[in-house]
Amino acid sequence: MERCAVIGVGQTKHAAKRDDLSMIGLVREAATRALEDAGLTFRDIDAVVIGKAPDMFEGVMMPELFLAEALGAVGKPMMRVHTAGSVGGSTAIVAAHLVSAGIHQRVLTVAYEKQSESDAMWALSPKYPFQPPLMAGAGGYFAPLIRAYIRRSNAPNDVGVRVAVKDRLNALKNPYAHLKMPEISAAQVEASPMLWDPIRYLETCPSSDGACAMVLSSETAARSAPHRPAWVHATATRSEPNLFAGRDQVNPRAGRDCAAALYKQAGITDPRKQLDAAEIYVPFSWFEPMWMENLGFAPEGEGWKMTLEGATALGGDMPINPSGGVMSSNPIGASGMLRFAEAALQVRGQAGEHQVEGAKLAMGHAYGGGSQFFAMWIVGDARP
Amino acid sequence: MATREIAVVSFAQTNSRRNELDETEMLLPVITEAVKRSGIARSDIGFTCSGSCDYLGGRPFSFVMVIDAIGAWPPIEESHVEMDGAFALYEAWVRLQHGDIDAALVYAFGKSSQGDLPDVMVTQLDPYYVAPLWPDSISLAALQARAMLDEKRCTELEMAEIAVRNRKSAKANPHAHLKGDHLAANLLGEPYAVAPLRRHDCPPITDGATAIVLAAGDLARKVCKRPAFIRGIDHRIEPHALGLRDLTRSPSTKLAGERAGVGKGKIDVAELHAPFTHQEVILRDALGLGAEVDVNPSGGALGANPMMVAGLNRIGEAAQRILDGKANRVLAHATSGPCLQQNLVCVLEAE
Amino acid sequence: MSEPKPKQDEPIKRMLAPVRLEFTVSAGRDKTAFLGAIIEGRILGGRCPSCRKVYVPPRGCPTCGVEMVGDIPISDHGVVTTFCTVSIPFEGQTMKLPYVYASIVLDGADVPIFHLVDGIDAKDARMGLRVRADWRPPAERKPTMESIRAFVPTGEPDAAFDTYKEHL
Ligand SMILES: [Zn+2]
Numbered sequence: 000m001e002r003c004a005v006i007g008v009g010q011t012k013h014a015a016k017r018d019d020l021s022m023i024g025l026v027r028e029a030a031t032r033a034l035e036d037a038g039l040t041f042r043d044i045d046a047v048v049i050g051k052a053p054d055m056f057e058g059v060m061m062p063e064l065f066l067a068e069a070l071g072a073v074g075k076p077m078m079r080v081h082t083a084g085s086v087g088g089s090t091a092i093v094a095a096h097l098v099s100a101g102i103h104q105r106v107l108t109v110a111y112e113k114q115s116e117s118d119a120m121w122a123l124s125p126k127y128p129f130q131p132p133l134m135a136g137a138g139g140y141f142a143p144l145i146r147a148y149i150r151r152s153n154a155p156n157d158v159g160v161r162v163a164v165k166d167r168l169n170a171l172k173n174p175y176a177h178l179k180m181p182e183i184s185a186a187q188v189e190a191s192p193m194l195w196d197p198i199r200y201l202e203t204c205p206s207s208d209g210a211c212a213m214v215l216s217s218e219t220a221a222r223s224a225p226h227r228p229a230w231v232h233a234t235a236t237r238s239e240p241n242l243f244a245g246r247d248q249v250n251p252r253a254g255r256d257c258a259a260a261l262y263k264q265a266g267i268t269d270p271r272k273q274l275d276a277a278e279i280y281v282p283f284s285w286f287e288p289m290w291m292e293n294l295g296f297a298p299e300g301e302g303w304k305m306t307l308e309g310a311t312a313l314g315g316d317m318p319i320n321p322s323g324g325v326m327s328s329n330p331i332g333a334s335g336m337l338r339f340a341e342a343a344l345q346v347r348g349q350a351g352e353h354q355v356e357g358a359k360l361a362m363g364h365a366y367g368g369g370s371q372f373f374a375m376w377i378v379g380d381a382r383p
Numbered sequence: 000m001a002t003r004e005i006a007v008v009s010f011a012q013t014n015s016r017r018n019e020l021d022e023t024e025m026l027l028p029v030i031t032e033a034v035k036r037s038g039i040a041r042s043d044i045g046f047t048c049s050g051s052c053d054y055l056g057g058r059p060f061s062f063v064m065v066i067d068a069i070g071a072w073p074p075i076e077e078s079h080v081e082m083d084g085a086f087a088l089y090e091a092w093v094r095l096q097h098g099d100i101d102a103a104l105v106y107a108f109g110k111s112s113q114g115d116l117p118d119v120m121v122t123q124l125d126p127y128y129v130a131p132l133w134p135d136s137i138s139l140a141a142l143q144a145r146a147m148l149d150e151k152r153c154t155e156l157e158m159a160e161i162a163v164r165n166r167k168s169a170k171a172n173p174h175a176h177l178k179g180d181h182l183a184a185n186l187l188g189e190p191y192a193v194a195p196l197r198r199h200d201c202p203p204i205t206d207g208a209t210a211i212v213l214a215a216g217d218l219a220r221k222v223c224k225r226p227a228f229i230r231g232i233d234h235r236i237e238p239h240a241l242g243l244r245d246l247t248r249s250p251s252t253k254l255a256g257e258r259a260g261v262g263k264g265k266i267d268v269a270e271l272h273a274p275f276t277h278q279e280v281i282l283r284d285a286l287g288l289g290a291e292v293d294v295n296p297s298g299g300a301l302g303a304n305p306m307m308v309a310g311l312n313r314i315g316e317a318a319q320r321i322l323d324g325k326a327n328r329v330l331a332h333a334t335s336g337p338c339l340q341q342n343l344v345c346v347l348e349a350e
Numbered sequence: 000m001s002e003p004k005p006k007q008d009e010p011i012k013r014m015l016a017p018v019r020l021e022f023t024v025s026a027g028r029d030k031t032a033f034l035g036a037i038i039e040g041r042i043l044g045g046r047c048p049s050c051r052k053v054y055v056p057p058r059g060c061p062t063c064g065v066e067m068v069g070d071i072p073i074s075d076h077g078v079v080t081t082f083c084t085v086s087i088p089f090e091g092q093t094m095k096l097p098y099v100y101a102s103i104v105l106d107g108a109d110v111p112i113f114h115l116v117d118g119i120d121a122k123d124a125r126m127g128l129r130v131r132a133d134w135r136p137p138a139e140r141k142p143t144m145e146s147i148r149a150f151v152p153t154g155e156p157d158a159a160f161d162t163y164k165e166h167l
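Residue numbers (numbering that gives the first Met the number 0), protein chains in the order written: chain H, 0 to 383; chain L, 0 to 350; chain B, 0 to 167.
Chain H extracted, bound-state conformation (with noise of 0.2 Å):
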């Protein structure tokens, strides 16, 4: 097996409608930047690797063969992804196994949604025959899910709130990010509509415009790049039905598998203490205190905890989302990838306002579906 490292990294500024841009032109920001990170052109790339979320979100189907010429894929092997809300995550993972198998020197990954361009609340809530149309988005799939983990874990009600209200003011120190609000505050997520009770307005994510784009590289490629690259350390996916007999929803095994994978890659066996900053799939703010558990950073039934001692916010000692994470930006196909790729900035020091000091070791997570897919990595400053 060759190392694989993240030598460029791009993402779009987000925004709930980026109508100065074409779906073209939304993957090309991203794509361009990463490729000027890597201080390449698309000329030295040897594969293009795209994923996005259903096709339903802009109306076109398999989006990738009329984005080719775009990507400068023209010639060269393009793949599609689509696992659902974890495409981005899934996406780059194939990406990075294309270089890791030894097939090619340096993959392009991008990953895109441009919600503006139809209606997800729509596309995730069809009139399908057989069934009555009750399902109100994602928030309607997942709010049950997260009163069932209140129960379990007799958490305080506020620990979304908290989580909603970190959340954005790191959103406030990262540029591409496309919530900012500055004025934020408990209060104001408390008041804000109740819309899939008990999931809050100011608890879910928005809904974005953007792209986010890896050059992914062999370790004799990543030697010429001009900046130091992101050493991929080990990656993991883990899937498992929507509905069975006694499947706990609320802790998914397949999160927990997943983890457990990518850890004994990785040789961890203390996330909490071992690494430096997560970036993690939390669409909905009480998914942190979930999420947490699911991935072992707390005993079950503890996740809260950690968000009320302030051990997730920025200068505490286990900061998850220091980009503001999905609930400051949504881009749905993109929020995996966007995770991979603000944990490969955090340990190439390149995050900016909202660098965790020397962070060394950083891991990136998405989840889709019913909380049934799940996509993973953990990158370091340091060759594997």
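These aren't lab readings, by the way, just hints derived from the structure by calculation. Some clues are possibly wrong.
Anything over 10 Å on all C-beta distances counts as not near chain H; from chain L, calculated [unchecked claim]: (1) E4; (2) A130; (3) D135; (4) E160; (5) N172; (6) A184; (7) R220; (8) F228; (9) R235; (10) A240.
Here are the simulated DSS-like cross-link-like pairs (lysine-lysine), alpha carbons at most 30 Å apart as the crow flies [unchecked claim]: (11) B:K122 to H:K16; (12) H:K304 to H:K272; (13) L:K263 to L:K35; (14) H:K304 to B:K122; (15) H:K12 to B:K12; (16) H:K179 to B:K12; (17) L:K221 to L:K325; (18) L:K170 to L:K224; (19) H:K272 to H:K172; (20) B:K52 to B:K122; (21) B:K141 to B:K6; (22) L:K253 to L:K35; (23) H:K304 to B:K52; (24) L:K253 to L:K263; (25) B:K6 to H:K16; (26) L:K35 to B:K52; (27) H:K263 to H:K304; (28) H:K179 to H:K12; (29) L:K151 to L:K265; (30) L:K151 to L:K35; (31) H:K12 to B:K141; (32) L:K325 to L:K151.
Idealized CB from N, CA, C, for every residue including glycine.
Fit chains L and B with the ligand to the supplied structure of chain H, relying on the hints for placement.
Just chains L and B with the ligand, lined up with the frame of chain H:
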């Protein structure tokens, strides 16, 4: 680059036709069958990868409901491409290169009959400049066929003969959908569907599902008498804008074929994913296949064309000829996008 | 929506490209049997031959990957395991807001179904609430879960958390 030896050890497909089953009901029996035939325990399969497309059923996350039907418990390492299953097989082949796992399950499903397929395929086109004009998939293929005829690269009679040969071969394939004996001369008496294409030049609209099990060298030899070893696999994409391409040539197929090592030896059987008759001419040419090569003994995509499955079926059908001892070196090809935009070539050999 | 008409010298930022596609979806073998029973006011489940769990509706067993026969009659009474109160409007929604969308484990089943809970003030909805199906009159039933108008409280005491916590 030295690659790890990976082989197709089993293949199972639905009896392709339009059916009343849902996607999971089509798929579950073929997965069960492919795994059973492989002789590899479900628990020894280290990676699963699938190909499908949401737009065929008009619903997002069609692959998610399928995960509920394949026994993904305990949790599995899994991925999905919104592409033909042949590209899922490529991803599985890449994954198996890592050496930590020895077997992978690849599957694909497509219930193409649920919508008006030629119109559904319009949504695959450039959304700003092309899709708003609603050129359907048959019209685009007709444009390509017209270019072929104008360039004298083939004749309407040759196209009809390709239809006759594929539909005749399909008779020997119990899984094929459209089969029968025809006379080219009679077919040419039929009216045009979209000139210069007649109905016989076009594929049927087929529902189907397919599963393939891949195994690495030693395991493959252990469970299978004649594993079909992948000796080369590569895929390439061309511009989407039809105006940027010479529609009568397929440089991406040519390049993928060269990189897969097609020319390194004699090809006994080639399974080409050519949904339209004239495309077989373009592909034969790009791959340098002479008259001695047995092309599409399964009946090809003209015999059964389940979307997202037909490409993977080409790999399965070609590999099956090795598994059955009927061929030693075979070629499989899969395509995606309008007018052969993206192409994958795979060379498989017996030992 | 109407076609946006940019003023002269203004960049074109949006275009309308309506897409209308119609799909005829096959219910499939299992759902056909299940929905046929629904029209008759019955709920059918299936038992996995491998793990013995009962699924409503019947389907290929998610954990065992084997088919099951959907011939087990299931009660139309059950317990709300968890729920959310929806207060957000969305395209295609027909319900008056707010409404309670619940995960309900029917008696005798091992997996929940998802449906509307009605006949109770949204603020009184709770985990453990015992409910029953409120069927539409036979003449109004169609092959869809909408043949059950909603689930309504039975008035029985709430189920203890331990009895349904495995279904969360
Ligand atoms: Zn079972």
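Evaluated hints:
1. E4: holds (14 Å)
2. A130: violated (8 Å)
3. D135: holds (13 Å)
4. E160: E160 of chain L clear of chain H: closest Cβ-Cβ about 31 Å, beyond 10 Å.
5. N172: N172 of chain L clear of chain H: closest Cβ-Cβ about 28 Å, beyond 10 Å.
6. A184: holds (38 Å)
7. R220: Fine: 22 Å to the nearest Cβ keeps R220 of chain L off the interface.
8. F228: holds (17 Å)
9. R235: Its Cβ does come within 10 Å of chain H, the nearest being 6 Å, so this is violated.
10. A240: At roughly 7 Å from the nearest Cβ of chain H, A240 of chain L sits no farther out than 10 Å, so the non-interface label is violated.
11. B:K122 to H:K16: violated (36 Å)
12. H:K304 to H:K272: Holds, because 16 Å separates the two Cα atoms, which is no more than 30 Å.
13. L:K263 to L:K35: violated (34 Å)
14. H:K304 to B:K122: It holds: about 28 Å lies between the C-alpha atoms, which stays within 30 Å.
15. H:K12 to B:K12: At roughly 17 Å apart (the allowed maximum being 30 Å), K12 of chain B and K12 of chain H satisfy the hint.
16. H:K179 to B:K12: Given pair K179 of chain H, K12 of chain B holds - Cα atoms ~24 Å apart, limit 30 Å.
17. L:K221 to L:K325: holds (20 Å)
18. L:K170 to L:K224: It holds: about 27 Å lies between the C-alpha atoms, which stays within 30 Å.
19. H:K272 to H:K172: holds (25 Å)
20. B:K52 to B:K122: violated (33 Å)
21. B:K141 to B:K6: violated (51 Å)
22. L:K253 to L:K35: Answer violated: K253 of chain L to K35 of chain L is near 36 Å, above 30 Å.
23. H:K304 to B:K52: Roughly 36 Å separates the two Cα atoms, so the pair is violated.
24. L:K253 to L:K263: Judged against 30 Å, a Cα distance of about 14 Å means the pair holds.
25. B:K6 to H:K16: Cα-Cα ~20 Å, so holds.
26. L:K35 to B:K52: holds (24 Å)
27. H:K263 to H:K304: holds (26 Å)
28. H:K179 to H:K12: holds (12 Å)
29. L:K151 to L:K265: Measuring from Cα to Cα gives roughly 28 Å; hence the hint holds.
30. L:K151 to L:K35: violated (49 Å)
31. H:K12 to B:K141: violated (48 Å)
32. L:K325 to L:K151: violated (35 Å)
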